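Asker: Take a look at the letters that make up each chain.
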Amino acid sequence: MTKQILLAGFGGQGILFSGKFLAYEGLVEGRELSWLPSYGPEMRGGTANCSVILSDTPIGSPIVTHPDILIAMNLPSLDKYESEVVSGGKIFVDSSLIDREVKRDDIDVYYIPATKIASDEGLSGLANMIMIGFMLKNTDVCSYENVDATIEKLVPARKKDMISLNKKAIELGYNFK
Amino acid sequence: MMVFEKPKALTDNVMHYCPGCTHGIIHRLVAEAIDELGVRGRTIGVASVGCSVMSYNYFNVDMVQAAHGRAPAVATGVKRSDPNNIVFTYQGDGDLAAIGTAETVHSAARGENITVIFVNNAIYGMTGGQMAPTTLPGQITQTSPYGRDVKTVGYPVKVCEMLAQLDGAAYLERVAVNDVKNVRNAKRAIKKAFQNQIDGKGFSLIEVLSTCPTNWGLTPQKALEWLEENMMPYYPLGVYKDKEAQAND
Amino acid sequence: MSEKVLMKGNEALAEAAIMAGCRHYFGYPITPQTEVAAYMSKRMPKIDGVFLQAESELAAINMVIGVASTGKRVMTSSSSPGISLKSEGISYLAGCDLPALIVNVQRGGPGLGGIQPSQSDYFHATRGAGHGDSHMIVLAPASVQEMVDLVFKGFDLAEKYRMTSMILSDGTMGQMMEPVSLEIGEINEYDKSWALTGTKCEREPRIVNSLCLQPEELERQNFARFERYKVVEEKEPMYEQYRMDDAEVCIVAFGVASRISKNAIDLAREQGIKAGMIRPITLWPFPKKALSAAAGRAKAFVSVELSMGQMIEDIELAIRCSRPVLLCNRVGGIIPTVEEVLAKIVEASKVGGAE
Chain U
2 MTKQILLAGF GGQGILFSGK FLAYEGLVEG RELSWLPSYG PEMRGGTANC
52 SVILSDTPIG SPIVTHPDIL IAMNLPSLDK YESEVVSGGK IFVDSSLIDR
102 EVKRDDIDVY YIPATKIASD EGLSGLANMI MIGFMLKNTD VCSYENVDAT
152 IEKLVPARKK DMISLNKKAI ELGYNFK
Chain Z
30 MMVFEKPKAL TDNVMHYCPG CTHGIIHRLV AEAIDELGVR GRTIGVASVG
80 CSVMSYNYFN VDMVQAAHGR APAVATGVKR SDPNNIVFTY QGDGDLAAIG
130 TAETVHSAAR GENITVIFVN NAIYGMTGGQ MAPTTLPGQI TQTSPYGRDV
180 KTVGYPVKVC EMLAQLDGAA YLERVAVNDV KNVRNAKRAI KKAFQNQIDG
230 KGFSLIEVLS TCPTNWGLTP QKALEWLEEN MMPYYPLGVY KDKEAQAND
Chain H
-13 MSEKVLMKGN EALAEAAIMA GCRHYFGYPI TPQTEVAAYM SKRMPKIDGV
37 FLQAESELAA INMVIGVAST GKRVMTSSSS PGISLKSEGI SYLAGCDLPA
87 LIVNVQRGGP GLGGIQPSQS DYFHATRGAG HGDSHMIVLA PASVQEMVDL
137 VFKGFDLAEK YRMTSMILSD GTMGQMMEPV SLEIGEINEY DKSWALTGTK
187 CEREPRIVNS LCLQPEELER QNFARFERYK VVEEKEPMYE QYRMDDAEVC
237 IVAFGVASRI SKNAIDLARE QGIKAGMIRP ITLWPFPKKA LSAAAGRAKA
287 FVSVELSMGQ MIEDIELAIR CSRPVLLCNR VGGIIPTVEE VLAKIVEASK
337 VGGAE
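Chains as they are written, first to last, in the numbering used here: chain U, 2 to 178; chain Z, 30 to 278; chain H, -13 to 341.
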């Protein structure tokens, strides 16, 4: 099984970090994987997107142009990539930042006000991980059981307090109804 | 009994320099300093581009030949490879003050613990006498045939004065080799520049006012006089920076 | 096999250099290779190594020359416009027969160009950079693991043949993360009786030099150097073959272009087109023999490159223009899509068939 995932949003939303989470999940599960960031020259506030591929066979191109799964965290990203998602694929939308619905009807769409939940729950800056939790619930990309191990591998020891916050954010997304 | 001998830090090779050129004297002063400080076995020299390009044939130490202007960068690598190495560059004015200005300034700014011997004869010698960054205003060269016109090509670069502004430079002195007294003084300065390196004091540069009888179109004797009458007023001799002395003030 | 870790290509490469015994790094900031310098600046002081940010690319490469002349492993890294500036030093390294490792994380040009991936330095690298009559060993990684492995290879070949090795990478390889095994590669001891170590007053002085004013002697040196290059061309070409057993369309691609091409080849085969790939790992020496052997079965070749048709010339030379060679390229920082490569494979299968 090969899953091509594209995560897209503004710089500063933690797009690359949430992509890294998926990559580390792949590492923990001993799978083939690639993680490739793409961003503009701006240090802050530009567009950011990240290609993650998880597979059971060696990965050719690390660039995701036609994602199986799109995580869109701002409107320009949805506008740009909606048409690129493969038929039968899935789009996850942060509905607190994107005020339109997905137009295509050949894909599954999941809406979650991730940024609002994050700020309500005192997890500002972790909407990205809420999106990840939400995606884990609604796909079979990787297993929820490995979240703890992955987070502990991903978050550096000096930022220990971030471990539980990240876990909480993923949990909120996972349990979102 | 005093016996006059060739320094051990010079090889037996016959130098290619023109009759009356003062490179030979400066080579000897550098070699004497190396011998007297007992560092010949761990000295690595960096030759530059210009008349002294083949100085690697004359110094009896390991030598590397650098591209035009890059000697201080190469020397930085050699020194950082093993700080126990005693590393010197031997550069002319075109090399050090034109094409290699950045390397000169930044090795000084870093306080790189090397010794730079800067031979200033106000002309590009090896290429046949073109205008140098240190050519004097009005001085005639192959590429300033009507005399250096400061209105179009600007003014000479005064290296010691310029580098003295940098906190990183430890010791800067301008000397000349036009007479016995000045030669002895130049020897003292060069030896001190090497001693500084041994003591880990940082960047030392000795600017040596030198002659180029061939390209100046003068006899050796007249060239020495020209140096004294024209170069020394524009490039005053003396210490421009000595961190140690400043510290003792 | 050591445990796999996730690392960016640029960082894995830097760590590999340290593992390979490199303790001297000189660089100058330029996108997209800054991670290499940043990594070195963090690691070197902790292992008694030297990280120095030079005042210019020129100074950096000349500092490399300084360390190389003392016989120690040394490296620098930059990106295309910076490598142009380093060319002077690359020529001197060749003229002095000094080993060194240069990493080029390429970006689109010419001029200042952009900061996205490119392979437009192909000619410059494979023709030795500088002002001619010299070569570098040019290694082209196509995975983060190869960013590690080729560092060991690069240092080894550099010392073995007293040449400069260049790792010709691009922003994609540098920025991407893949699981990588950081394992110590081969480290051999080679004769370094040329290295400047100080005479200790016990031996004759050594001279590292590229100046030679006697034409006969300079010619002799050049011929001798090219005899050495001939051995490298004979013994050291590296390449990977992908689905080449029965291939009628042969893609030639390196680095990120080869990764895209693998997907396109798989899709072409689903359509019944027998496509395969020869992926040069060494761009110099170019795997000429492998290509000329492939020309026996293949009806057409496709050069997939992020440049304006550079490697295609080496392919044509290697097969003596015995088969049509098509160009599939995107430039300026754009990477060809799988679909574009596939379309070119389809076109090539028809060109070849019509022959």
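Hints are not guaranteed to be accurate.
List time: in silico BS3-like cross-link candidates among lysine-lysine, alpha-carbon distance up to 27 Å [to be verified]:
1) Lys161(U) x Lys91(U)
2) Lys216(Z) x Lys274(H)
3) Lys32(H) x Lys220(Z)
4) Lys260(H) x Lys160(U)
5) Lys35(Z) x Lys210(Z)
6) Lys186(H) x Lys35(Z)
7) Lys274(H) x Lys221(H)
8) Lys154(U) x Lys28(H)
9) Lys161(U) x Lys186(H)
10) Lys154(U) x Lys186(H)
11) Lys260(H) x Lys274(H)
To give a feel for the contact side, a few chain U residues facing chain H, derived at Cβ under 7 Å [stated by the list, open to error]:
12) Leu28
13) Ser56
14) Thr58
No wet-lab data here; the hints were simulated from the structure.
What you are looking at is a predicted structure, and each value in this text was computed from that prediction instead of being measured.
From the three backbone atoms N, C-alpha and C, an ideal C-beta is built for every residue, glycine too.
Asker: The structure should be examined with respect to each hint, and the outcome stated for every one.
Answerer: Hints, one by one, checked against the model:
1. Proposed proximity of Lys161(U) and Lys91(U) is contradicted: the alpha carbons are some 33 Å apart, above 27 Å.
2. With a C-alpha separation of about 60 Å, the suggested pairing of Lys216(Z) with Lys274(H) is violated against the 27 Å cut-off.
3. Taking the CA atoms of Lys32(H) and Lys220(Z), the gap is about 35 Å. The hint is violated against a cut of 27 Å.
4. For the proposed pair Lys260(H) and Lys160(U), the alpha carbon gap of about 52 Å is over 27 Å, so the pair is violated.
5. Note on Lys35(Z) and Lys210(Z): the hinted pairing holds, with a Cα-Cα distance of about 20 Å set against a maximum of 27 Å.
6. Of the pairs offered as hints, the one joining Lys186(H) and Lys35(Z) holds, with about 19 Å between alpha carbons and a cut-off of 27 Å not exceeded.
7. The hinted pair formed by Lys274(H) and Lys221(H) meets the criterion: a straight-line CA distance of about 12 Å does not exceed 27 Å.
8. Using a Cα cut-off of 27 Å, the hinted pair Lys154(U) and Lys28(H) holds, with the two alpha carbons roughly 21 Å apart.
9. A hinted pair counts as satisfied when its Cα atoms are at most 27 Å apart, and Lys161(U) with Lys186(H) does not qualify at roughly 54 Å.
10. A C-alpha spacing of about 51 Å is found between Lys154(U) and Lys186(H), which places the hinted pair above 27 Å, so the restraint is violated.
11. With a C-alpha separation of about 22 Å, the suggested pairing of Lys260(H) with Lys274(H) holds against the 27 Å cut-off.
12. Of the supplied interface hints, the one on Leu28(U) holds, with its beta-carbon coming within about 5 Å of a beta-carbon of chain H, less than 7 Å.
13. For Ser56(U), the interface hint is violated, the least distance from its beta-carbon to any beta-carbon of chain H being 11 Å, above 7 Å.
14. For the restraint placing Thr58(U) at the interface with chain H, the shortest Cβ-Cβ distance is roughly 10 Å, beyond the 7 Å limit, so the hint is violated.
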